[in-house]
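Visitor: Please construct the entire structure, taking both the sequences and the accompanying hints into account.
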Amino acid sequence: MKAGYHQIRVKAEDVHKTAFRTHEGHYEFLVMPFGLKNAPATFQAIMNEVLRPFLRKFVLVFLDDILIFSREWNEHLVHLKQVLEVLLEHQLVLNKKKCELGLQQIEYLGHIVTGEGVTMDPRKVTAVKNWPKPATLKGLKGFLGLTGYYRKFVKDYGKIARPLTDLLKKDSFGWNDEAQTAFDKLKEVLSTAPVLRMPDFKQGFTIDCDASGRGVGAVLSQEGRPIAFFSKALAPRTLSKSTYEKELMALVLAIQHWRPYLLGRKFVVLTDHRSLTSLLKQRVTTPDQQYWLRKLLGYEFEIKYKAGAQNGAADALSRRQEEQTELTGISLPVWAEHDAIKDAVHKDPKLRNIVQDLSKETRKEGPYTLINGVLLHKGRVVVPRESIWPNKLMREAHLTPMGGHAGALKTLKRIASSFFWAGMQRDVVKFIAECDVCQRQKYAATKPAGLLQPLAVPTAIWEDVTMDFIVGLPKSRGFDVIMVVVDRLSKYAHFIMLKHPFSARGVADVFNKEVTRLHGTPQSIVSDCDPIFKSHFWKEYFRLLGTQLRMSSAYHPETDGQTEVVNRCLETYLRCFSSEQPRTWALWLHWAEYWYNTSYHTATWMTPFEIVYGRKAPKIIQF
Numbered sequence: 001m002k003a004g005y006h007q008i009r010v011k012a013e014d015v016h017k018t019a020f021r022t023h024e025g026h027y028e029f030l031v032m033p034f035g036l037k038n039a040p041a042t043f044q045a046i047m048n049e050v051l052r053p054f055l056r057k058f059v060l061v062f063l064d065d066i067l068i069f070s071r072e073w074n075e076h077l078v079h080l081k082q083v084l085e086v087l088l089e090h091q092l093v094l095n096k097k098k099c100e101l102g103l104q105q106i107e108y109l110g111h112i113v114t115g116e117g118v119t120m121d122p123r124k125v126t127a128v129k130n131w132p133k134p135a136t137l138k139g140l141k142g143f144l145g146l147t148g149y150y151r152k153f154v155k156d157y158g159k160i161a162r163p164l165t166d167l168l169k170k171d172s173f174g175w176n177d178e179a180q181t182a183f184d185k186l187k188e189v190l191s192t193a194p195v196l197r198m199p200d201f202k203q204g205f206t207i208d209c210d211a212s213g214r215g216v217g218a219v220l221s222q223e224g225r226p227i228a229f230f231s232k233a234l235a236p237r238t239l240s241k242s243t244y245e246k247e248l249m250a251l252v253l254a255i256q257h258w259r260p261y262l263l264g265r266k267f268v269v270l271t272d273h274r275s276l277t278s279l280l281k282q283r284v285t286t287p288d289q290q291y292w293l294r295k296l297l298g299y300e301f302e303i304k305y306k307a308g309a310q311n312g313a314a315d316a317l318s319r320r321q322e323e324q325t326e327l328t329g330i331s332l333p334v335w336a337e338h339d340a341i342k343d344a345v346h347k348d349p350k351l352r353n354i355v356q357d358l359s360k361e362t363r364k365e366g367p368y369t370l371i372n373g374v375l376l377h378k379g380r381v382v383v384p385r386e387s388i389w390p391n392k393l394m395r396e397a398h399l400t401p402m403g404g405h406a407g408a409l410k411t412l413k414r415i416a417s418s419f420f421w422a423g424m425q426r427d428v429v430k431f432i433a434e435c436d437v438c439q440r441q442k443y444a445a446t447k448p449a450g451l452l453q454p455l456a457v458p459t460a461i462w463e464d465v466t467m468d469f470i471v472g473l474p475k476s477r478g479f480d481v482i483m484v485v486v487d488r489l490s491k492y493a494h495f496i497m498l499k500h501p502f503s504a505r506g507v508a509d510v511f512n513k514e515v516t517r518l519h520g521t522p523q524s525i526v527s528d529c530d531p532i533f534k535s536h537f538w539k540e541y542f543r544l545l546g547t548q549l550r551m552s553s554a555y556h557p558e559t560d561g562q563t564e565v566v567n568r569c570l571e572t573y574l575r576c577f578s579s580e581q582p583r584t585w586a587l588w589l590h591w592a593e594y595w596y597n598t599s600y601h602t603a604t605w606m607t608p609f610e611i612v613y614g615r616k617a618p619k620i621i622q623f
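Under UniProt numbering, the first residue of the sequence shown is numbered 1, with each subsequent residue one higher.
Since the hints were made in silico from the structure, they are not lab data.
If you're wondering where the values come from, they're calculated on a predicted model, not measured in any experiment.
We put the beta carbon where it would ideally sit given N, CA and C, even for glycine.
Derived Cβ-Cβ restraints for the label pairs, each shown as a range:
1. L77 / Q105: 13 to 23 angstroms
2. K96 / H76: 17 to 27 angstroms
3. P236 / K616: 17 to 27 angstroms
4. G546 / K11: 27 to 37 angstroms
5. V457 / T18: 52 to 62 angstroms
6. R294 / L94: 39 to 49 angstroms
Guide: What follows is the structure, given as structure tokens:
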């Protein structure tokens, strides 16, 4: 284009925004000047609109660089004529001196494009080969910026460059032998990069992916010829993941990286991890699986097994010839009661025999294992039933603020997550049935008669919530009302203190600070017919937010039964811990919220904490 920006008129009402003043007077641009922040995006949008009928068919455009490609000469003349006619129609002028026509090879955006494929610009390769050793952080960024632009040509780029990218961290720049080796290696591989085939969208694509050691890698190809390479060094937090998780990560990252090539087209993924071939048929059992698999929605592909010996390209991207082993010093906290439990196990004849068998390796199968002298049953610490430990653990899991005087099932689940003894279920039921506080403060609950008409189950967390107030409490630290907000899917709850009287505006403000701030604006709110929820402000406020308000029928609290149940649990908890000093309930409210959100729910088969955060809550006793 000939001064492309200057061919775009500025809107009359915006001309004054381009004003500048010199010694010769005041000037304003009537056409789009260079240097405006939104000028590139505006110009690119105009070029895309003008050439839209031809884009990706036989035209590519980047700002004022228009590339016309054809298979045959006569076809090329037709394409050239069509482009020139549409430019003429929109009064866009080309610069004759900058135009090149009818070429078999062309330099475009730092690449050499030919009928054979795409290679790097030799001038850029020369610049890389002659690049001096970076002495400053700025120099290193310049080198990585240039080489990173061509990373699709380089096998294992992410892993090779890892010692250099580590130097970009704050206060980490210090040239060393590893950095020099990586610097020299990048120069070498960029000098011998292969010719990449141009993609043919009429043919299917194939992805070879692999994960090993400290990196993942993949190759996009057609008919055995590479189109692009992809590699990524793994972050320290992902190095401990299983081989299956790393292989799954490699597959998903590769598909996402080449989304423009693959979306809307059927393709094949080759992997050397056999279990991945059943990926789309397996039951999703872990949060990690759910996280990665949801990123594959919308793609149509088939996973095939390919032995590692035959998967050399992707395998080379994910590993280097010489894997370096790191020796790391580890310091771990040790639970102070380990020795006491070991002594108790040793005094129990049956458990002592199991430990001896495991020590002699005569018992090779079964639920018991011995790690560092501690007897485990399916990964849980074993304690003798005829010792002080069952009673001690039950008291810890039931009587403390974290236990919250929960029922038998919740208490059992809390203990069983870390410990085991024979007959523990029977012991827990008996312990809770004999709990004096529970007998005095709790009331019997029976199943309601008749059929229930439940609300539809939400499909995502914190999209549908329920709200209610617990009023009439004695003043504690100036507060006498609790607002209860519950997520209908995960059962996660927030208990928020309020002062009476409160207004719709005040409740909305607290809701934003304590709920919206953490989870976003919900799609719907279920509540009773409290005047707050029926006020004009409340309805108009949430109408503007796009939240649907759903209220229960009058004198029928069972409509919002979920919040009513949470209210009952919360009231019971507070009675258990503050019945003797009712004005101290505010001191226990944060513990009540933690207790409730880390308690096992039969409806979800896990705790609300696990559903929201994708991991188990910290255990009662860290061991």
